[in-house]
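Undergrad: Chain residues, written in single-letter form:
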Amino acid sequence: MKIETRLFIAGTPLFLLAAGVYALWTANTAQGWEPVGTLCILLVGAMVFMVGFYLMLTAKRIDERPEDTEHAEIADGAGDQGVFAPWSWWPLAIAGSAALAFLGLAVGWWILGIAIPFGIIALVGWVFEFSRGQHAH
Amino acid sequence: MSAIMADVSTATAAATHTHQHVTVNRPNPVSVGTIVWLASELMFFAALFAMYFTVRQVLPADEWAAQADKLNIPFSAVNTTVLVLSSVTCQMGVLAAERFQPQRKGRIWAFWSWGMHEWMALTYLMGAFFIGGQVLEYAELVHEGLTISSSPYGSVFFLTTGFHGLHVLGGLIAFLFLLGRSFAARRFGHHEATTAIVVSYYWHFVDVVWIALFFVIYILR
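Top to bottom, those sequences are chains A and B.
Each residue of the first sequence is one higher than the one before, counting from 1 in the numbering used here.
Each residue of the second sequence is one higher than the one before, counting from 1001 in the numbering used here.
No lab work stands behind these hints: they were computed from the structure.
Among the chain B residues that face chain A by a calculated CB cut under 10 Å, a handful are:
| hint | residue |
| --- | --- |
| 1 | ASN1028 |
| 2 | LEU1042 |
| 3 | MET1043 |
| 4 | ALA1047 |
| 5 | ALA1050 |
| 6 | VAL1058 |
| 7 | PHE1177 |
| 8 | GLY1180 |
| 9 | ARG1186 |
| 10 | ARG1187 |
| 11 | PHE1205 |
Which stretches of chain A does chain B cover? Using the computed rule of at least three CB atoms under 8 Å from a CB of chain B, they are:
| hint | stretch |
| --- | --- |
| 12 | 49–57 |
| 13 | 64–71 |
What you are looking at is a predicted structure, and each value in this text was computed from that prediction instead of being measured.
Beta carbons: idealized from backbone N, C-alpha and C, even for Gly.
Could you put the whole structure together from the sequences, leaning on the hints where they help?
TA: This is how it looks when you write it as structure tokens:
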């Protein structure tokens, strides 16, 4: 996973430098240093570092993936890619309740009163879908 | 058609049972996804910090100080300490989850034998203490005339700390879901351990954001 790690971490010094240049540049204007750009560029640096650093730690914990070796065969990548729920309706229910909730913010607070019960049911259903019924373990 | 669909879903279910969230040569997509999402949360808080510093810069210094001096620093420092320590207890819970130990092996006060349930319940209580403290602090400030609409300082103070408080509240709900999943499982496995790990990522993140907020709002003022 070296390439992913580098791709993210390489952004950190770039954004730190850019934030410094931006801060100094705007500090010389009549309005003084400009905090929005300075902070956001700085924290973009933190953001890419966060992802890159996590990928670096992950790379140490797992074996080399087929993608990481030049001599890998397609078949080496076979097997589980992760746990997914191809039949699940719950994400749709959650998205629907979230859309209704945001409609409530835009149109009228009373809609939120309808969205919240739906949201709770959808969230509970989604969180526990692998813990009950035929998936109980 | 429905018979085929039923076959497909049972086959998938069987596969997930034997092999939940762990492969030796793949990163766990749940953990990586959580980190990427938390990185985007960082930018959400970046916007709040940017807002705070902008208002601080354009407001006359004495007008800002008149409001900022209303803060009760010792009270907030105690609250902050509890939240920071809750990250430690949360990590103890993760260590228990990683050795697949949901419950304590000894007496309730023998914390060295605690499982994930006990550590996460304690973390929940500490997080709830923080929220309770924040409610008290808000009540005190409103009593002194600082509200979200009273002044620009009030707006940025309540927006930054309030959005953080909502995140802590979300974390508390996540802890309930984590405990619920663990109690629902007869066999504590990778599914539950992964949940514990990603909830802890979120909790540590919210904790670190609070340390930054505390430093900027209460120490720098």
